[in-house]
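Residues 1 to 167 (the working numbering) are what the sequence shown spells out, left to right.
One should not assume that every hint holds.
[Unchecked claim] No farther apart than 27 angstroms at their CA atoms in a straight line, the calculated lysine-lysine pairs in the DSSO-like style are these: (1) Lys65 <-> Lys41; (2) Lys143 <-> Lys128; (3) Lys143 <-> Lys164.
[Unchecked claim] Here are the computed distance ranges between Cβ atoms for each label pair: (4) Lys46 <-> Glu105: 23 to 33 angstroms; (5) Glu152 <-> Glu33: 36 to 46 angstroms; (6) Ile111 <-> Lys41: 25 to 35 angstroms; (7) Gly167 <-> Pro49: 16 to 26 angstroms; (8) Lys65 <-> Ser8: 38 to 48 angstroms; (9) Lys128 <-> Gly167: 31 to 41 angstroms; (10) Asp16 <-> Lys164: 22 to 32 angstroms; (11) Gly18 <-> Glu132: 38 to 48 angstroms.
Since the hints were derived computationally from the structure, they do not count as laboratory data. Quick caveat, the model's predicted, so the values are computed rather than measured. Here a beta-carbon is modelled for each residue, glycine too, at the ideal position from N, C-alpha and C.
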Amino acid sequence: MTSPDIDSLVEKLKSDDGIERQHARHDLVEIGEPALDALIKAFEIKEDPLHWEVAKALSQIGTSKAAHTLVDALEDHEFSVRWIGAEGLIHIGEDAVIPVLKALEYKTDSIWIREGCHHVLHDMLNRKLIKEKTRECVIPVLKALNHFDAQEQANTAAIEALRKLEG
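Model the full assembly from the supplied sequences, consistent with the hints where possible.
In structure tokens:
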């Protein structure tokens with residue numbers, strides 16, 4: 001599919017007609033990877049219903065290239081966009097762990113980031129979506145997110161987990 005076709009589908013995500021939006025989103029998800037750049041760019045536009053639809057499409061495509069944008073969704077003012085972002089990161093699985101931990105490294109002052117990262121890491125552990133080595137690194141982060149001083153504890157735990165996973 002050509003870029004103008006993708007662009008026109010993204011434009012349809014702004015429609016007042018919910019069925020038209022749903023069909024456009026479905027088509028973009030079917031296109032998959034080639035639609036990611038246009039969707040990631042469109043996510044920066046904070047207009048409803050476009051913003052929600054783009055988050056949903058990125059979540060459904062579920063590739064590592066979308067992970068950073070879905071992490072950004074964890075800070076959205078709309079709860080539904082935050083939830084979709086978390087579910088998309090869970091769907092991505094192992095490839096989303098590093099972006100999630102980096103969010104905790106740099107943005108632990110955000111309660112929404114902490115809550116979203118907790119949701120993501122908790123579900124990844126419970127669903128056994130990550131490798132054993134990653135699991136061992138993530139468990140202390142999840143415990144830190146449950147700590148009364150979660151902001152500081154999660155930051156320290158995330159940095160340590162990143163050190164182990166990246167080094």
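Falls inside 22 to 32 angstroms, the C-beta gap from Asp16 to Lys164? 49 angstroms, violated
For the pair Ile111 and Lys41, does the Cβ-Cβ distance stay inside 25 to 35 angstroms? 28 angstroms, holds
Is it true that the C-beta distance of Lys65 to Ser8 lies inside 38 to 48 angstroms, as the hint says? About 22 angstroms separates the Cβ atoms of Lys65 and Ser8, which means 38 to 48 angstroms is violated.
Tell me if the straight-line CA distance from Lys143 to Lys164 falls inside 27 angstroms. It holds: about 17 angstroms lies between the C-alpha atoms, which stays within 27 angstroms.
Does the Cβ-Cβ separation between Gly18 and Glu132 fall within 38 to 48 angstroms? Distance hint for Gly18, Glu132 holds at roughly 43 angstroms.
Could you tell me whether the CB distance from Lys128 to Gly167 stays inside 31 to 41 angstroms? 25 angstroms, violated
Is it true that Gly167 and Pro49 lie within 16 to 26 angstroms of each other by Cβ? 42 angstroms, violated
Cβ distance range 36 to 46 angstroms for Glu152 and Glu33, holds or violated: With a Cβ separation near 38 angstroms, Glu152 and Glu33 satisfy 36 to 46 angstroms, so the hint holds.
Hint consistency between Lys65 and Lys41 [alpha-carbon to alpha-carbon, up to 27 angstroms]: Roughly 12 angstroms between the alpha carbons, so the hint for Lys65 and Lys41 holds.
With a cut-off of 27 angstroms on the C-alpha distance, tell me whether Lys143 and Lys128 pass. 17 angstroms, holds
Can you tell me whether the CB distance of Lys46 to Glu105 sits inside 23 to 33 angstroms? 25 angstroms, holds
In this structure, the earlier hints numbered 7, 8, 9, 10 are contradicted, and the remaining ones agree with it.
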